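Trainee: Here is what each chain is made of, one letter per residue.
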Amino acid sequence: MTQETYELYRYLNRSIPRLDSEQKVRGELKYLTDVYPEGMLHGYVLRSTVAHARILEISTEEAERAPGIRAVLTYKDIPGINGYGAIVPEIPVLAYERVRYYGEPLALIAADSMEQAKAAAEMIKVRLEPLPAVLDVDEAMAEKVKIHDKGNVARHTVVKRGDVSKAEAQAHLVLERTYRTPMQKHMFIEPEGGYAYVDGSGVVHVLAGGQSPYRDKLQISRVLGISPEMIRVKNYPTGGAFGGKDDATVQIHLALLAYRTRKPVRLAWTREESGIAGYHRTASKITIRTAVDREGRLLSNSAKIVLDSGAYQSFGPTILDVSIETINGPYRVPSYLIDAYLVYTNNGIASAFRGFGAPESNFAIESMMNELAAELGIDPVEIRLRNILRTGEEGPFGNVIRNSAGLEEALNRARSSGIWRRANGSGWIKEGVGVAVAIKGVGFGTLPDYPSAAVEVIPEGKVRVMFTNPDYGQGVITGIAQLAAERLQIPVSEIEVINADTMHSPDTGSSSASRTTLTAGSAVVQAIDEALSKLRVEAASSFGASSSEVQYSGGRFMYRDRSVTIYELARRLRQKGRSLRFEATFEVPRYPEPVEGTLEVPHMMYMYGVALVRAGVDALLGKVNVKEVEFYADIGNVINPSIASGQVEGGVVQGLGYATIEEYRYSDDGRPLNINFTTYVVPTARDSPEMYVEFVKSYDELGPYGAKGVGEIGIIPVGAALAEAVYRATGKRIRDLPITPWKLV
Amino acid sequence: MKVTININGKDYSADVEPRMTLVDFIRDVAGLKGTHVGCETGHCGACSVLIDGRPVKSCLMLAVQANGKRITTIEGIGKDGGPNEVQMALSSSKALQCAFCSTGFVVVGTWALEENGELTEDVIKESFIGNVCRCTGYEPIIKALRGVRKND
Numbered sequence: 001m002t003q004e005t006y007e008l009y010r011y012l013n014r015s016i017p018r019l020d021s022e023q024k025v026r027g028e029l030k031y032l033t034d035v036y037p038e039g040m041l042h043g044y045v046l047r048s049t050v051a052h053a054r055i056l057e058i059s060t061e062e063a064e065r066a067p068g069i070r071a072v073l074t075y076k077d078i079p080g081i082n083g084y085g086a087i088v089p090e091i092p093v094l095a096y097e098r099v100r101y102y103g104e105p106l107a108l109i110a111a112d113s114m115e116q117a118k119a120a121a122e123m124i125k126v127r128l129e130p131l132p133a134v135l136d137v138d139e140a141m142a143e144k145v146k147i148h149d150k151g152n153v154a155r156h157t158v159v160k161r162g163d164v165s166k167a168e169a170q171a172h173l174v175l176e177r178t179y180r181t182p183m184q185k186h187m188f189i190e191p192e193g194g195y196a197y198v199d200g201s202g203v204v205h206v207l208a209g210g211q212s213p214y215r216d217k218l219q220i221s222r223v224l225g226i227s228p229e230m231i232r233v234k235n236y237p238t239g240g241a242f243g244g245k246d247d248a249t250v251q252i253h254l255a256l257l258a259y260r261t262r263k264p265v266r267l268a269w270t271r272e273e274s275g276i277a278g279y280h281r282t283a284s285k286i287t288i289r290t291a292v293d294r295e296g297r298l299l300s301n302s303a304k305i306v307l308d309s310g311a312y313q314s315f316g317p318t319i320l321d322v323s324i325e326t327i328n329g330p331y332r333v334p335s336y337l338i339d340a341y342l343v344y345t346n347n348g349i350a351s352a353f354r355g356f357g358a359p360e361s362n363f364a365i366e367s368m369m370n371e372l373a374a375e376l377g378i379d380p381v382e383i384r385l386r387n388i389l390r391t392g393e394e395g396p397f398g399n400v401i402r403n404s405a406g407l408e409e410a411l412n413r414a415r416s417s418g419i420w421r422r423a424n425g426s427g428w429i430k431e432g433v434g435v436a437v438a439i440k441g442v443g444f445g446t447l448p449d450y451p452s453a454a455v456e457v458i459p460e461g462k463v464r465v466m467f468t469n470p471d472y473g474q475g476v477i478t479g480i481a482q483l484a485a486e487r488l489q490i491p492v493s494e495i496e497v498i499n500a501d502t503m504h505s506p507d508t509g510s511s512s513a514s515r516t517t518l519t520a521g522s523a524v525v526q527a528i529d530e531a532l533s534k535l536r537v538e539a540a541s542s543f544g545a546s547s548s549e550v551q552y553s554g555g556r557f558m559y560r561d562r563s564v565t566i567y568e569l570a571r572r573l574r575q576k577g578r579s580l581r582f583e584a585t586f587e588v589p590r591y592p593e594p595v596e597g598t599l600e601v602p603h604m605m606y607m608y609g610v611a612l613v614r615a616g617v618d619a620l621l622g623k624v625n626v627k628e629v630e631f632y633a634d635i636g637n638v639i640n641p642s643i644a645s646g647q648v649e650g651g652v653v654q655g656l657g658y659a660t661i662e663e664y665r666y667s668d669d670g671r672p673l674n675i676n677f678t679t680y681v682v683p684t685a686r687d688s689p690e691m692y693v694e695f696v697k698s699y700d701e702l703g704p705y706g707a708k709g710v711g712e713i714g715i716i717p718v719g720a721a722l723a724e725a726v727y728r729a730t731g732k733r734i735r736d737l738p739i740t741p742w743k744l745v
Numbered sequence: 001m002k003v004t005i006n007i008n009g010k011d012y013s014a015d016v017e018p019r020m021t022l023v024d025f026i027r028d029v030a031g032l033k034g035t036h037v038g039c040e041t042g043h044c045g046a047c048s049v050l051i052d053g054r055p056v057k058s059c060l061m062l063a064v065q066a067n068g069k070r071i072t073t074i075e076g077i078g079k080d081g082g083p084n085e086v087q088m089a090l091s092s093s094k095a096l097q098c099a100f101c102s103t104g105f106v107v108v109g110t111w112a113l114e115e116n117g118e119l120t121e122d123v124i125k126e127s128f129i130g131n132v133c134r135c136t137g138y139e140p141i142i143k144a145l146r147g148v149r150k151n152d
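In the order they appear, the protein sequences are chains A and B.
With this note's numbering as the guide, the letters of the first sequence map in order to residues 1 to 745.
With this note's numbering as the guide, the letters of the second sequence map in order to residues 1 to 152.
No false leads were slipped in.
Computed list of lysine-lysine pairs in BS3-like fashion (alpha-carbon distance at most 27 angstroms, straight line):
1) A:Lys30 to B:Lys79
2) B:Lys10 to A:Lys30
3) A:Lys627 to B:Lys125
4) A:Lys430 to B:Lys125
Covered by chain B, according to a simulated footprint, are these stretches of chain A (three or more residues, beta-carbon under 8 angstroms):
5) 236 to 245
6) 465 to 479
These are calculated hints, taken from the structure and not from any lab test.
Quick caveat: nothing in here was measured; it's all calculated off a predicted structure.
Glycine included, C-beta positions come from ideal geometry on N, C-alpha and C.
Chain B extracted, bound-state conformation (with noise of 0.2 angstroms):
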């Protein structure tokens, strides 16, 4: 099936079968591996991305339901080419470890932001009810992340 995704602000459109799931879409068909894939089950979060601006488990969806959907990943998070808050308070501490799942936490906790204007702890901790990291026990995450406000 012939499916056209706006990524980062950029179309992709590629004939994929119709049980291409969107992350591989993501992954294989635009190129962008910073989203990446943990379980396939939608529990680990870390393929996590926005659709119309809300956070979507990108290994839960098929890629022609995303069909003419506008998708943020984590290489189209940012600000003015530099890091955004969330990426700022998470790289400036402990709150990551491997990594492999903090594009997830980014993503998510950028919506959150972006939702709440200012992340409290009950915001961060039902926000990230979705997203599973094995290295840091989350604490750091969730201290680093405490009192982050939007500042345009």
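So that you can see chain A by itself, here it is in the shape it has in the complex (with noise of 0.2 angstroms):
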């Protein structure tokens, strides 16, 4: 396929409506924390109410023996390993010797009834000797207090590039910034929740809210101490996760009840519960020192990148990694000097959140490109437009630039938008227009990655589709069977999809980094191809033909004037015995070795952004208020436009919360202050701006029929194009998240 048929699909570059939209609408999709299972266990999570503190006695025996109590865990009762964590398993599941955030798990109960389980960890006797809470990085990194017995710094490496001094003394001019961005929350509108079973031949079934069915499947097979394969794990439906039910987050808990007790246990947390224990963004803190000659291009980069990873990693390590990444932009920057840190503190635990680590050090690079562009008096586009990459110029990382040239049309684009000539504000309202650009990667980089999926052909005139990256709202379902029905030629009506559940599907991986489209898409048209190349031998053989005389056509094969569809042919198979179940696994390609001092850097496949914001202050209360929101974007081929520019528009918005309103906050002795919506403020439809998003023609050959992704582009941007918007409206430069009025005023 290549682009030249860019034009010809038949169910691709559509914008069909999701294919479980009716049901939505209509209340009838249950979400897993809408099931309640018959004769259900009340399951319950006692937490710390303590940021930092050495754990002296956790006694059960009372609230062991409280009405209504079938279990109460601490620690003791872990069958396997009291470990979780992405990437490295270090984060208990259940508080031992120490608590290092306000909030962290210290026993489970189920119960008959959540009053009683409720009464019953009031029984619990807790005796914690409070040690002094470390909540800002820089204090962390003096050790005077260690949260971790190793030292508070989890990660610290250094990647480079060339000269950097040289390039400096060369320069004509050298800015250095600090930029700082805060903890942001994800406010999914379902909490964190779900239930799990034991099933008569002794499977643990976990159904919660999640990300990754089978990291969850991996995970909790070593809490428990038995195989993955005695456990199922399903993910879909999920009321919103942005990257905060990525690491595991009721499922360990859950599995560890039912496991237990052999009986159903529901486990949901409250929106409190949620804003306590839950994840967040990582804060950062990024110096940045830029040197550029007299026509604005850029000579050499050096940051200091400082992230607070909470009390434990989840992500961190990664996430580090695609700040590392991100921090050079899609520019050419010949030499370079990236010091970074993942620190411990007892801010909760920090982990993946929609574009995980980009917009952190995107809002320092581009805000920096944009003071570089001031002090030069170069146009703003026009910077930027003399350093992004070409199309087979290598990159910082070493990576050759294979489809950039999406990003240069974004910018003209960008330049030639009215927009500009939008910003004009009166009287105390001063309005201003900001641009910048954003690169993401997709998938996991360097790191290896085999995406598998299966298919059915159901003779009854369904092709039955399997997956495991979930959807939780982004519309990959409906996608994935875009492509499916491409490839099969077969109308969507006919796909029907199994979303994110372990007793179905071989294992895709997870939703994040952008990676579904890629990973699922291609692992499902290579299933196809693989149920296509088996059913055209059995045509062939009806025909009395070799199969390279037989056609494929609109979900039949045909031979001279004799035609059979999928459906009969697996009739024929299943009536024969055989199976009707095609498998494929996809390998993501990759550069063989990450770039010295990384994990996963750099990535092969790349999606491009351009925001410009008009924004208006009022400059006697400071308030902004943004106006419109433009987008150009480079995502590959498109393949439901509706869908796609809504995961822009989706992100934009959770970029302008995190612009403006939204700010996680701790006490000074590490207590969150803001856990609900009452305090913890996202945008509502008052404050939506008008939005434009236009994807710009692209198709990159490594993705399925051209596709790249695009979940998490949109806010990545966005708060660097605001403050400039800020800036160009009022002389104001903010370089710290969020842009609140006593900043302005």
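Mind assembling these two chains? They're in different frames, but the hints should get you there.
Mentor: Okay, here's the thing in structure tokens:
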């Protein structure tokens, strides 16, 4: 398939409605927190109300004897390893010896009613010896109080190329700035939750909101000390995730309680519990020093990146990698020196959040580009056009740019946009337009990634497509069904998707890193090819022809004037007792080795975006009002334009929240302060700006039908673009998000 | 306390604790799970239902306060067994993603259409002031509903 066939697709480039939308608007889709299994117990988690402490005692005897109590578990009751974590299994499933954040789980309870569970929790005797809470990364790096015995730096790495001091000596201008971004909460509307049960053959079923069923399964198996084959995980449907359900939330606790009691258990966090114990985005402090020549061409880039990992690592090490990869932008950077730290504090646990380290670094480099442009008197779009890498060039991390033509076109579209002329405030309202570009790798970079998927041809007239990347709203069920329909040349109505269930599907991996289109899409296309090649032989044999003489079109095989449908062939195979299920594994293209000092840099496939933000600032009140956002993106071939642009728009508004009103905060003693929608305010319909999203024409041979990914690109450049708009309106540079009124007046 | 609440035309009676919220009655007693709980503080709007035709956040009301009232939940919304105008508009585009909030948007949108006969941008923004969506960024919802008219 090449770019020339772009216009010829039957089921791609089409905005069909989501396959599950009717169920969703009728309230018929049962989320996993909507299922109350017959005879279920209520799960409850006793949590620490101290941020940092030594555990002296946790006694459960009295609680165990309380009415209606079926189980009270502490770390002593964990059959396997007391640890989990997507990268390093260092997060205690139940606290042991130390408590490192407010909300850390101390004990689990299963009871006949929630009232009984809570009453029993009060009876658990907990004695903690408080330790000073370390909430600031600089304080943590001073190591006066050690959060972990090994020290407070979870990961430190230096990544470099060329001679930065030489480049700076020859530069026309060197700017150094420090930028900060806050912790951000995901605030999905369905808090973390689900249920679990053990079936008659001893298999532990865990059905809970999540993003990575096979990783959940592995993590549960380590903790229960049983084979992964004895565990099933289902994650669909999930009411929003954005990275916050990528690492385990309720899954392991659910499995422990069901495994111990042999009864169905429901465990669903309240909003406040999600606010306290759920994950959040890493806060960042980035000092960046950038050297340019007279024309604004980048000569070198130095950065000290410090990310706040919170009490444990979760995805921290790879988030740091994405921050490193992002700090050079999509630019030609001849020499650089990146000094990067992932630091422990007592601030909850930072984990994946849409963009995964990219919005943090993007705010630094893109704000820097805007400051450089202003200093040099160069148009901010022009300075980027002078620096972006073109196709065939080698990027700063040794990766050859395969298709950045999309970014250049996106920048040209941004330059000629009418938005620049629409900034016209009056009176106390000052208006400005800001620009920023984004780059984000698709998938796991140099880390090996072998997603598998399956298809089954059902003689009754359906093709069942199975993959495990959960659809928590992104629309991947629909997009992958469109890819399957295109490959099979049959209507989407004949495709049936089973999503995110380890009982039905091989391991396609997680929904993360904007990877689902690439991984599930490619694996499904390959599984379909496998199915068609087997069915072709069957068809040929029935025609008395060789398979090379048989044509395939529109769900049927043809030979001379005869034809047979895939469904008829499936019926015949079934009669012969043959399998109708076909699996395939896709090998995600990658560079063989990571750049020295990194775990997964660089990627082979990148998405690009250009954001233009027009904002008004009330000079008296300091209030920022975002009027409109234009977004030009290169996401490869677009499977479903409506769903894809929805991903960008949703990401943009999360980015506007991040840049203006959202900031997850802790008290001086490490207690989270804004843990619900009353205190952690997110954008509402009134805050929604006019939005215009355009995808530039693009096709990436590595992706299925030229598609790349889209989920994360929208959020990434919003902060820097808005900060520039505010600067244009007021002359004030805000270098720490969010841009609150008190920073402007 | 003994309460009887009419939900979607059917009476549900139960002896409940005075502290039970209406949303718990709807989900646990009546077993209607389309009404979702997103916050329990009245901010997210996922639990919106209609009481005597007006939108109410069912997490902020006690079941005993709803005694004798007529309630419409998402399960009771629709037209001739099919989706109504608001449901059609929200399902035919990108106006929903994870959709955990969508049932609340449908309930409030249905009320707004009933009240106004047509959904203008101002009506939409005003009506959904108490409904949070974290996925869509709202504009897709506003665009999908803008211009929807009541057609009996």
